[in-house]
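Visitor: Top line first, the protein sequences correspond to chains A and B.
Under this note's numbering, think of the first position of the first sequence as 1, with each following residue one higher.
Under this note's numbering, think of the first position of the second sequence as 505, with each following residue one higher.
Check the hints yourself; a few may be wrong.
Unchecked claim - Chain B is nowhere near these chain A residues, computed Cβ spacing over 12 Å in every case: (1) Asp100; (2) Gly126; (3) Lys307; (4) Asp312; (5) Pro376; (6) Pro445.
Unchecked claim - Chain B is faced by these chain A residues, among others (derived, beta-carbon under 7 Å): (7) Thr156; (8) Gly157; (9) His159; (10) Gly204; (11) Gly209; (12) Lys211; (13) Pro219; (14) Gln221; (15) Phe239; (16) Asn243; (17) Tyr245; (18) Leu258; (19) Asn262; (20) His265; (21) Gln270; (22) Arg278.
Honestly, the hints are just simulated from the structure, not real lab data.
The beta carbon of each residue, even a glycine, is placed where N, CA and C say it ideally should be.
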Amino acid sequence: MASDIMKKKTVSPSAQDRITRRRILHHAAHGFGGLALTAMLSSESRTKAAETGSGAKLTVLHRPAKAKRVVQLFMSGAASHLDTFDYKPFLEKNNGKESDFGEPIEAFQNGLGPWLKSPWKFRPYGESGKYLSDIVAPLGECVDDMAFVHSVVGKTGVHSQATYLQATGFQRPGFPGMGNWISYALGSMNENLPSFVVMPDRRGFGSNGTKNWSSAFLPAQHQGTLIRPGTDQPIRDLFAAKNDYVTDASEASARGILKQLNEQHAAERQFDTRLEARIRSYELAARMQLAAPDALDLSREPKHILKMYGLDHGRDTFDEKINEVEETDYFGRKCLTARRLLERGVRFVQIWSGNDNSFPRRNWDSHENIERDHGPLALGMSRGAAALIKDLKQRGMLDDTIVLWTTEFGRLPSSQGGTGRDHNPFVFTNWLAGGGIKGGTTYGPSDQWGYKPLDRSNPTQVYDIHATILDLLGIDHTQLTVRHDGIDRRLTDVHGHVVEELKS
Amino acid sequence: MKPSMKSWSFSIITIALACTGGTADADPTELFDQVGSILSRRCITCHSDQDAMGGLSLSTKEAFLSGGDSGSAIDAAQPLDSLLLEMISGPSPEMPKDADALREEEVALIRQWLAAGAKWPADKRLEAQQVTDLNWWSLKPLHAVAIPEPNPSDAAWIRTPIDAFVIHKLREQDLEPSAEANRRTLIRRLCFDLVGLPPTPERVEAFINDSRSDAYERLVDELLESPHYGERWARHWLDVVHYGDTHGYDKDKLRPNAWPYRDYVIRSFNSDRPYSRFVQEQLAGDVLWPNTIDGIEATGFISAGPWDFIGHAEVPEEKLDGQVARNLDRDDMVTSTMNTFASTTVQCARCHNHKFDPVTQKHYYSLQAVFAALDRADQEYDRDPQVAEERSRLRDRLSELESARQQLEQSVREQAGEELVRIDSALKELDAQEQKDNRADFGYHSQIESKQDVVKWVQVDLGESQQITEIILVGAHDNFNNIGAGFGFPVRYRVDASNDAEFSDDVTRLVDFTDQDVANPGTAPQTFSFDPIETRYLRVTATKLATRSSDYIFALGELLALNAETKNVAAAAKVTALDSIEAPARWQKANLVDGFYSGATDSPEGLSQRVDLNRQRSDLLKKSVDPKTTQQLDDNQQQLAKLQEKIKLLPARDRVYTGTVHSGGGAFRGRGHLGGKPRDIHVLVRGEITQPGDAVGPGTIPIIADSDWRFDLPSDHSEGERRVALANWLVRHDNPLTWRSIVNRIWLYHFGRGIVDSPNDFGRMGQLPTHPELLDWLAIWFRDQGQSIKDLHRMLVNSATYRQRSDYRQDFHEIDASNRYLWRMNRRALEAEVIRDSVLSISGKLRPEMYGPGFRDFVLERPEHSPHYEYHKHDPTDVATHRRSVYRFLVRSQQQPFMQTLDCADPSQSVAKRDTTITAIQALTLMNNKFMVQMADDFAIRLETADESPSEQIRSAYALAIQRSPSPEEVELLTKLAEEHGMANACRVVFNLNEFLFID
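For reference, chain A alone in the conformation it holds in the complex:
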């Protein structure tokens, strides 16, 4: 419940008017349904603050922006901080000894075995000397551009609620994700492509499925658009479904007639902007048909770039067992596609690694065996992520593109069933890079075990990460609100502080 609004005792008549107007704008009733799109269309000739795009809620940014695009890498199933980015010599020394957290602890599956060291070695990288484990070693070349936050805490060890929390800032369904909010606030930089693109894991969706990027109470054009690179139909319904009657010629002719008939209809019904907006939506759709395949065509990339993303393996089939070549291919392909989309003006790209729970495991939820799942998943992820950071950098795009790596929670420093780890919502790691982020930073250490933040009274929450990203985009997170069922909702609920230490 948004505290800033809650402070007002009553809603003044002028506030009522504003609400009414906002309702009309967003809920698009009574002849204004096309406003979102008409605004978008009129933007072609419009002069506006350069930072925000067409269809943007904000016409003027709250503060100067350092970034204008975001890529979010989401590890579904809960990636272990202890086996990747958060080095714990304590566990190496005490491996196998009875675990003692100094307080009673409630594990999700009662998995509280002895201390368990990571199966991988950690080595220092870059000028910052950041220790990374061998399965994320490809990111070693990027550490001086990255900022690690090791004190992120969640609220629950239940995947679904925790995924909602990290994706939308709320533990329950029914709220827009960060990408939806940013698309809503800043609009599109290329009207021929969606402003918010989601690339799911090829094996399926993570917890909560598409709800993590659905627009909820924001207008539907801010919904995440699914793109599945390397599949038969990367964008749904971009072209006519299989049939025996649509040809290029029929399509051209049908479009022309449709336009003519709809224009005639609209001419008899003046002032209804929705009708005009629908006519224009078909033109926009046609442009998207040209722009999207071009954006997704990786064959135009030179060999050295394909190699960089690990797409030079020359194989079209993979082993049945989870393996790093396959993981690299899928994650790298999404990262390269992301770069091409960002280049063309897509505002927010969300890439998922790992699907929901299934057997055999194909996600980060390594209750049974860290080595088996985390090994290939992390290697694939880190090759793709490192290539993306380096590629953005060499094109000068890293300066205004934020890369965020996150997951729904971490894993415990104690073992479960000998070689696995149970859930740890009490601390985990995020990292950020690019767009106004101070490289070579390690912020908010976790305690010696990686069980909780070292400074327990000063944890980092998802609200703080979200607030910081919005801040870098020029948005005050307390000012970006939408009224829904009597409450002024925002991405950061009633919380959130910009983490200044992460900013360059």
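Using the hints, position chain B against chain A.
Guide: Below, chain B alone, put in the same frame as chain A:
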């Protein structure tokens, strides 16, 4: 800078504050009143006696003076150096945490108060601020409203009383109504509005040519009598109650028995159920009208929303995560009830008192108490009334026999004396132990097979060859598919012993049931004794698997191998198996020998104890009970067995997913095992499960003056009485919200905008009514005239207001652009369901079957674990899916992309009013989606079958889709397209016409 949480440390101030003196220019009491108001608005939520964060409470003078963890809040010697002031002032003050800083004048007041000696009258206690003011339009009692007297010149325009209200407002605004629309427009408007389908060309012609003066009203009546009416209007209701056919959250498992509630809603609209009955049934139909189908199915309302499967089924209520999940679950029930029926956003008060409406945390949690015994789960009932009656008759007979049996047993006890009491109490103790040991580590579970005769084995390694004399197998217990005890126990099996891990030689067969089916023993231990044998490995081989749902498995709870000293030598042995699903904690090989199983006692001795006691019991009865009693007992037992057999032969009971007292196993036990006793509900400070405050009983919000918000129920009331109390409170004659809420909802769906355009929120954060008198008049009329929704429809659609044209007028547009005063009808976009149903209907493909399980327009993959809903694999020619969209199986995690793109309701949230958007993705979907492409082809075939010439076909297409004849130019354009590229291309254009997708 991110503020660190500076902690207030505890210390006692010994200096009397009054000594510090102060300025003379302000009255100290008045100053405190102002400061107190600031503190209770901005600080008390986190710093009160109930919840003293950082150790600091500001509830009383004493608490304030004693300070917090980091010291005294006040520096008596240097009041302007007080920690309190330091915390709240400066460029980025540390407090209030997570909120805006205090305003400068507020800080100044506090500074002044401190400087003046921080006077705090002893009797003043600061409480969290709450709203008590009922002076708000929606909370005022409904009082009779007079229908406005129209200007004489307007009298002729008025058709129903609502017109008098509308024209009165129009005249106030210098507006006037638009002319009546033509009949073609009206029939199209009425059909889409009331039944959600286009009229046939014949019906259109008949209406246009109907010269009777009441042709319009007749059409309205006809449409309201159509069964399609209920299908159309149920969909609106389902939007509000966020109905879905899967659980949502992680895994998003199917909820296969939700649909009877959807059918109940359709039936309710079609049979025009009085609204108060509709409300009462949905909250407490099972209590108020027990054993009625409507009464049971209606409570699907309570369970309609999402459910956190993992948070309930895998995390027990004893754990914090389990409690959080259950708290959020009740929150959804409370929110849905109060938003739906009372248009009040009580959910704001979960973490703190509502800042605008008179809802405190106490009121909110008293609403949680109403639902505190419930969970979302399947409930068994008989959908066929005859079967229900027969079952009830047999049950009566059963209870007669059972009471006769009790009498006989009493006689047995008298005859057998103390000895029997001793044996029975010993057995009872064993049972109690068994209850205690029920755990969620079920046992071993093989991979799932589609054939029953697949052979599976699991074996234990005793570590070394050793002597054993007895094997005990115990079935597993899992409520999946309501199987329960004996889950996965093989129908045919054998047990072998060998010293060879591969069992290739030296095999001794200890148990063999491979040539006969064995009845499932549930979790009763299966004991097999034999001559001592030396063995290292024991293998259980299933040769005929157990049925799970439509597939087969082998599961086993526990295997014990006893030696001559009855020591279980298999405990914690190494377990291997042909295959295993390994889904800890419930299923894993190691669970087979973990000592936990249904009926496990501290030791294997417990098992033999039970066997022994049973033997003693039968010996005792034989020698001490007279033969006549024994005979009667036998007869009774036979009759009982026969009767039970008869009951078994009744058709299997149906299931409906409802809000109900659940009796389950594992982590998800519900309250059934406690006889449905509601959970204790406490106010949760800041909504935190770890910070329970005062306990609360059932109640509601205090909005009816002179009426207690707490429900007055006897101390031994059942949980059901709580729901009845809430339902009855909602339908009270003097409830100011209920009647306004429902008439406003119906109005919204007819006019595209509510009189109050925030239908779920009539509070201070909601919208104001555009026509408050009209709303009240309608609410009272509806409440007092039979609460018939169909009469309400007639009142609205028969009005002159509704019959207006939808054309814009520049001059009126400038006065009232959003048409709040209804100077014209609103042009409306068709909703997703209406588009899909109409496309099916126009293409001649719509199937009329009503009711029953939802059709699935996706391919379901991997349902056993995390279901995948593969919409792109669905075949659009599958006729099973050519039914009305209200029967669509609604998946929460992945909405059907076609419907979602067209703004269908999201089943994870209450949708009081749909968004209507216009996007390029919609254009792509309407042109290219396989459903649309297929239907355009079917539409073309329909046209080509009926008419010879392409131009005639185009004329028919227009009549079917947009209810008018095309102009010669339109015929020419589309005919040319059809002739050059095929009729399907022309049909595809027709489906994309704005004229099809909007109702004038």
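Visitor: Please go over all the hints and tell whether each is borne out by the structure.
Guide: Tested hints:
Asp100 of chain A, annotated as away from the interface, keeps every beta carbon of chain B farther than 12 Å; the closest lies near 21 Å. The beta carbon of Gly126 of chain A is kept farther than 12 Å from every beta carbon of chain B, the shortest such distance being approximately 25 Å. Separation of Lys307 of chain A from chain B is adequate, the least Cβ-Cβ distance of about 32 Å exceeding the 12 Å criterion. With 12 Å as the threshold on Cβ separation, the claim that Asp312 of chain A sits away from chain B holds: the shortest Cβ distance comes to roughly 30 Å.
Annotated as non-interface, Pro376 of chain A keeps its C-beta farther than 12 Å from every C-beta of chain B; the closest such distance is 19 Å. Every CB of chain B lies more than 12 Å from the CB of Pro445 of chain A, the least distance being 14 Å, so the non-interface label holds. Hint status for Thr156 of chain A relative to chain B: holds, with the closest Cβ pair at about 6 Å, below 7 Å. Checking Gly157 of chain A against chain B: minimum C-beta separation of about 6 Å stays under 7 Å; hint holds.
The beta carbon of His159 of chain A is positioned within 7 Å of a beta carbon in chain B (closest approach about 5 Å), and the interface hint is therefore held. About 5 Å separates the beta-carbon of Gly204 of chain A from the nearest beta-carbon of chain B, less than 7 Å, and the hint is met. A least Cβ separation of about 3 Å between Gly209 of chain A and chain B falls short of the 7 Å threshold, and the interface hint therefore holds. Annotation: interface hint on Lys211 of chain A holds; nearest CB of chain B at approximately 6 Å, less than 7 Å.
Because the smallest distance between the Cβ of Pro219 of chain A and any Cβ of chain B comes to about 5 Å, under 7 Å, the interface hint for this residue holds. This hint holds: Gln221 of chain A has a C-beta 5 Å from the nearest C-beta of chain B, less than the 7 Å allowed. Checking Phe239 of chain A against chain B: minimum C-beta separation of about 6 Å stays under 7 Å; hint holds. At its closest, the beta carbon of Asn243 of chain A sits 5 Å from a beta carbon of chain B; the interface hint therefore holds under the 7 Å criterion.
With its C-beta approaching chain B no nearer than about 4 Å, Tyr245 of chain A sits inside the 7 Å limit, and its interface hint holds. Using the Cβ-Cβ criterion of 7 Å, the hint placing Leu258 of chain A at the interface with chain B is satisfied: the shortest such distance is roughly 5 Å. Look at Asn262 of chain A: its Cβ gets to within about 5 Å of chain B, closer than 7 Å, so that hint holds up. Checking His265 of chain A against chain B by beta carbon gives a least distance of about 5 Å; that is within 7 Å, so the hint holds.
About 6 Å separates the beta-carbon of Gln270 of chain A from the nearest beta-carbon of chain B, less than 7 Å, and the hint is met. Proximity of Arg278 of chain A to chain B holds as hinted, the smallest CB-CB distance being about 5 Å (cut-off 7 Å).
Comparing the model with each earlier hint shows no violations; every hint is respected.
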